[in-house]
Structures are given as structure tokens and as C-alpha cells.
Amino acid sequence: MTTLRFRTVLGLGWVEASLLIRNLLVLAGLLGGGGLVWLIIDQTVPLWWNVSWWIGAGQLILGMAVLIAAQLAAGRPQRAGLADLYASFPASAATRTAGHVAGLTGVVPASLLLAGAASAVVQARGAIGAPDAVVLAGGVLLVIAAGAAGVAIGARLSHPLAGVLFALALFLSSGAYQVLSRAAIWLVPWNIMVNQLDVLPGPLAGYPPAGAHALELAGFAVLAAIVALAVTVRGARARAGLAAAGIAAVAVICFAGALQLRPIPTAGVNRLVSEVADPASVQRCTAAGQVRYCLYPGFGSELASLRAPVRDVLARLPAPPGPVLTIRQVVPLSMSDWTLTHGQPSSDVSRWGTQVENAPANAAAAPKATIYLPVGSWPAAGGQLADANFDLALATAEWAVGIPPQNSGSPAFQPCVPVGQAREAIAIWLAILATRPSADKLHDGLNTGMGGGSTGAGVGNTIVQTWSYPGMGRDYVMAPGGGPQTTAAGYALASAMTSLPQHQISRVLTAAWGKWLNWHTPDTLLARALGIPTPRLRPFLSAPSGGAPAASSAAQSPLCTS
Amino acid sequence: MHELTGRRPRRSRLRALPWLARPVIRTMPWATLLTGCLAGTVFLAIQAHVARNSSWQLQQGNVRLALLPAVAALAFVPGAAFRPLTLTTPIPSWVAPAGQLLLASPVLAATCWVQLRVMNYTIPTHALGHAPAVYSLIAQFTGWCSVTVAAAVCVDRSRYADLGGAVAVPVSLGAIAAAWNIPASASVLVGPPATAHGVTTAWYAIAAAALALTGAAMRDHWHRYGRTAPRGFALRTPRSAAR
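Protein sequences, first through last, are from chains A and B.
Note that the first sequence ends on residue 562 in the numbering used here; no numbers are left out.
Note that the second sequence ends on residue 1243 in the numbering used here; no numbers are left out.
Source of the hints: derived by calculation from the structure; they are not laboratory data.
Just so it is clear, CB atoms sit at the ideal spot from N, CA and C, and this is done for glycine as well.
One or more of the hints may lead you astray.
Stated by the list, open to error - Quick list of simulated restraints, FRET-style, between CB atoms:
1. A:S350 with B:S1055: 40 to 46 angstroms
2. B:T1195 with A:D84: 37 to 43 angstroms
3. B:S1055 with A:E357: 21 to 27 angstroms
4. A:A133 with B:P1023: 26 to 32 angstroms
5. A:L82 with B:A1186: 16 to 22 angstroms
6. A:G116 with B:T1195: 39 to 45 angstroms
7. A:A251 with B:S1054: 28 to 34 angstroms
Kindly generate the complete structure, drawing on both the sequences and the hints.
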């Protein structure tokens, strides 16, 4: 009898699995999950310790679809008003429910396909690190647990809205960081809102607690299946067995929860903080001419992408700049993240906070010959990589012509504006020649204000129209204080310079390179030397008649004077 | 029978409307709609409670998320039960679902109002500055509802009619999520980068288009069977009859 029932369950499971795997909702969930993963990996060079977790977020979308599909399947008899007819079948309701649970094997291929395809794409895009099999397995378990929950819901609530609401609850739980504080956020099915995995320079043991979380999800899957069976099973003995199994599943879930609530090993956080506060102690530096590239271990594949724009800028300089330029990766880590510091002694947290505050990424003052690159922000390909290349080329050119990243006088550590300075136009021209962005993209930088209007910065008693270079504000390149503010006048002259033969400009620059680097040398002089008219900009803001210029309406910035 | 014999006189339709009110109200899926509206509101109320105790404020983003269950519930409202039967009655078959949608409108409006009040509850009275304008959020909610109704009605006219809402919810929410995340559409439909005025205009335009689609789908009289009927099924013309 038991064998017969088992074979019936297997047969029903096979049918339900084949229905589930062909279900349009599941296929849509597969597409949606894949789309979400693509949105994440498309932006930057993927870091496996971050992307593994985001593939789980894609599985969350698939899980929502599976939950709805499983609920619809399990609630089919009641919804169609055929409960009495089904009751007359040889297979009992419990057997059919067991068939539905067994049918969840049908979504495993879809989940594995999502994980496998996403992993393949991530690897093909030059991912850094290695995939975390436990995290990926956790994503598959999430889908199975969601399906089991759907069966349990469908066994009791047949209305389709029930599945939809529970699927929404599953989604909303992923961002319940405002309700669940500290490490409790890891207890939700898949936390996608609170973590700093995308900025870590390497994997951190226990962050996220992947093994314990996978165990919790497995426990939830078993518990949901038990609940589904308990709703439909008849007979005291069977119910007692299910109750015992349910208690065991709850115990496993509690044990897994307790494991997730443990603090991250102190040694790991110590190592992370020291890597953040003193990157030079762990980074590997590669010298290339006058430039040193210092990258965290494992990030060597980004070197080629970084070198090209820097090399192309330096190759066009009439004379080599004095000091060595260091291009260094930094980590914009926040120690106020309680998922990172929960359960640690307050003295340690305070010490780590102080160390991180003084890290290069957070320090107010930056060394002059250093360009910082935040970990996890460098794009892999496409238009974003072109923008990042321009940003790096411009930062290099600004360093080469002596524009400081921030004001050195009073007020200190504020981004300065090189108003009317010839060297600004030269820096922008060098960056344009090195990376060749489209003219439209460059021109769009003049109209980034509200409603496509202009933006400005107050310098002294005037308001200067500013120019937003491609990728500005994306933090591909990080300068404390934001770096110098490029002006529309500088861009306009640089744009006009690109129409001249390069050798003509090189001859003018080489003849008086020292003079052009002086901040006193105006851009009008450079235009005259090149034989081009000074570009005229359309009026930006006019002073009120008889009154002072309307400089007070814009933020005040110092002039770059060094 | 009237459906088969010609156009119905407009006056007789109007006269029949008061008689329809009671069955439309009685067949309205109140439990479904109210469950969806209450689920989101309770979720937001819990968040508001935590926010008050933790000294942070709810944002319009929280309200948007809390409105999703109400939008999902709306997908189950316009289902036309017994459509083959209602097609034979003197009253057009779209009147009942349209009436139910009209009945759902004040419930949804009240839900939105309550949720905005809940959000305001977390904002201190002495807070500096103006609260963000809510007209763009209302436009977004209207657009979401219209897209969902259009999806539900279109599914109702397909062979998945029995799962109308269950299919329409993922479809519409997926479309909304895609519009939110794809840069090209987000630049118009999400503010910032789009202005509140632009967002409002765009979502009301989408709502208008979706309502037009809804109207066209509701007035469509034809059944659709995407799959060949099984062998021996009654819908298939018997060979003997063909001969």
C-alpha cells in the first residue's frame, strides 16, 4: 500500500513538475530574475562575492513566480469548485499535496539554469574572485522554499490573490531593514537592501552568513511542505509524525537563525579595516613610466583598462610632469553598517570607525599626485566604460597641468574652479584626444540643470557656467571634495582646439609649456596663440540692474590658485 | 438573443442601469479588493510604528510599495463571470465589470489617502521645509492601476481567462518594474531624473492609453481559443456533420 502511494506521489509529482516547468509565470519569473541580475552585472566589473548574492536576488524573483504558480496548482480543485469530484478520486488529498511538493523538482532546472547562465555571463565579463557555491545553492533553495510555501498556501487558500500577496510579502521582506535591525536582516528570505558587498576588496568570511542562511531556507522549505501536508492529511498518526517533523524543522530554522545572528569573526573585520585604512599594505603596485597603479589583489585584470587612457594623455604632454602619479584603489566602506559590526565590542567598533575615517577614501585632504578609484565602481564595458575612461583621462590631465583636486588655501579642502585658466582647456583637450568621446555627449554636459538648463558655480562675485563631463558624479574616479569643477568656457575652448591639427597645438604648447601651466595665464591668451576666436557662451545669469551680480544664488567655490 | 439580432436601443440600456446596480455591487469581489488594500496599509502602518519609535520618516517610496497589494487586488475586479451567458442579455457584457471598476475607484482612492496620512504621521509637525508634492505619486498610482486593469481585461479575453488576475498581476508589476529600471523609460517615468510635472504627465498619458485599451478589450465580443480543442471535444465539428 505504501509503495503504491509512493508511486502515485511520484506519478503526480512528475505531472505537476512538467506543468510547472512549462508554466508561463515560471518562465516570466526566470526572465525577470535574469533581467535583474543583468541590471546589476551590466554596470561594473563584477565582483564574485557581490554577484553571487545578487544572483540569489534574481532567484527571489523566480521564487515569487514559483510561489504564485504552485499556489495556483495546489488550489486548483477548490478554485474550480471541484473539491467534491477530487475527493472521489482514489488518491487522497494528502497524496495529491505530496505530489505537488514532489512537483517542485520541476523548478529546480529553471533555478539551476538561472544560476548557471548568470554565472557564465558574469565570468565572461571578467569577474573578479571566485563564485561562492554555498550562496548559489542558497538561491536554489530559496526557489524551492518559495514553491513549498505556495503549495502550503494553495492547500488552504485557493484564491489567486493569496499567492500574489504572499509573493509581494516575499519581495517586500527583502527590504525590511527598517523593521529588522542589526543582523536580523539576514533572517529574511533574501536581503538585497543592506550590505556593502559591492565595495569590499575581497570576500569576508561570515558576510553574508551564506551557509547558515542556506540551512534556514532548507528548513523553511521542509516546514512549508509539512504544513501543506498537515492541512490535507487525515489520521492522528500521520499528523503526529508531521508535527514531530515540523518541530524538527523549526529547530533547524532557529539554529540557522542563531548562527546568522553571530557576529562576524573579529579577525576578518580587523583585516578588512586595515586593508581599507592602509591600502598600501596589501595592494600590489605596477609601475609604468611615471605612473604607479596600486590595486588590491585579484584586481589585476582592470590594469589594462586603466592604463590606456592614462598613457594616451601622458603621451601628448610636451614635457613630462615632475612627480610620479599614483593611481590607487580605495574602499568607500561605512562602519555605521550594523550588518558588519553587530555583536562586536563597542571599543572595537569605535577603533574601526576611527581607522576608516582616516582612510584615503574618507580623508579630507588628498595627496596631490594621487588619483583614487573606488573599488566596485569601474565599468566592464560599453558607454559606462567610455565615460570612466574619460574621467580617468581628465583626472590625469588635470594632474599633469597642475590643477589641484581641491583648494589648498582658505577655505581648505573644497573643490576649486579654474575660471578662465588656459590650463583647464588644455586638460580637457588632452582628455578628449585620449578617449575620443562623441561630440554630442560632451555637449550634453552644458545642459545638465533642471529642465535641460545650465548649471553654475559662484566664484567671488560672479556666477560661472559649469560643464559636467561624461560620467561626472558616477564616482568612477574619486577626489576628496569632489575634484575641480570644470567650466563651460574651458570646455568650449577645448572643443574648438580639437578642430585644429594636433601638431599645431603641440607646437604652441611646447613653446611655452611653463607659461600655460601657470594659473595666471588666461584662456583668451591661449586662444589668441592658437589663432582661434575665444568661444562665446550664451548668457548664463545676468546681474540685476543696478545691483550686485546674482552670485549668492549659487554655491560659493574658491578659485584654483596653485 | 439581442446580441444576435442587432443593436440595443440606447434608452433601454439606460433604463436598465438602476436594475443592474444591486447585482453589480453583490458580485463585486469586495473581499479580494479590501484584502489587498488592507494588506498594504497594515504593512505601511507597521513601518510607520517602527519609524516613529526609531526617529526616522516614511518616504513616498514606502507608500509606493504599500500600494502594490491594492494594485494587485484590482486585477481581480474586472473579471466578467459567465461571459458567454451575459453576452446574450440585453445589457452589454462590459457594463458589469465597468461598474465594478467604478465601485473600486473610491476604495482605491481612500487607500491612497489613508496611506499618505500614515506617511505624514511619521513626519514631525515641526519639521523644516515642505513635504514633497504627492500629485506625481497619485499619477503613478493611477497609471499602475490602469495598466493592471488593462492587463487583466486583456487576459480575460484570452484562453487564460480563469486566471485573469493571477496572470495580470505579474505581467503588470513586471512591466512597471521594467519601466522603473530601464534607463530610457526611467528618465521619463521616475523622478528624479524626471521632474514631478513630467512624471505626472507621463503616467496620466499611460493611464489614458491603458483605459482606451481596456475599453476596446471589454467591448470585444469574441471568444478566443488559442489551442486546438482535444480530439472528440464538442467544439470540434464532427466529421459526420461536415459531410
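Here is how each hint holds up against the structure:
1. The hinted window of 40 to 46 angstroms between S350 of chain A and S1055 of chain B is violated, with their beta carbons roughly 22 angstroms apart.
2. A C-beta distance of roughly 58 angstroms is found between T1195 of chain B and D84 of chain A, which places it outside the suggested range of 37 to 43 angstroms.
3. For S1055 of chain B paired with E357 of chain A, a C-beta distance near 24 angstroms keeps the hint of 21 to 27 angstroms intact.
4. Look at A133 of chain A against P1023 of chain B: about 59 angstroms separates their beta carbons, and that is not inside 26 to 32 angstroms.
5. As the Cβ distance of L82 of chain A to A1186 of chain B is approximately 45 angstroms, the hint placing it in 16 to 22 angstroms is violated.
6. A hinted range of 39 to 45 angstroms holds for the C-beta pair G116 of chain A and T1195 of chain B, which are about 43 angstroms apart.
7. About 32 angstroms separates the C-beta atoms of A251 of chain A and S1054 of chain B, a value consistent with the hinted range of 28 to 34 angstroms.
Hint check: violations occur at hints 1, 2, 4, 5; the rest are consistent with the structure.
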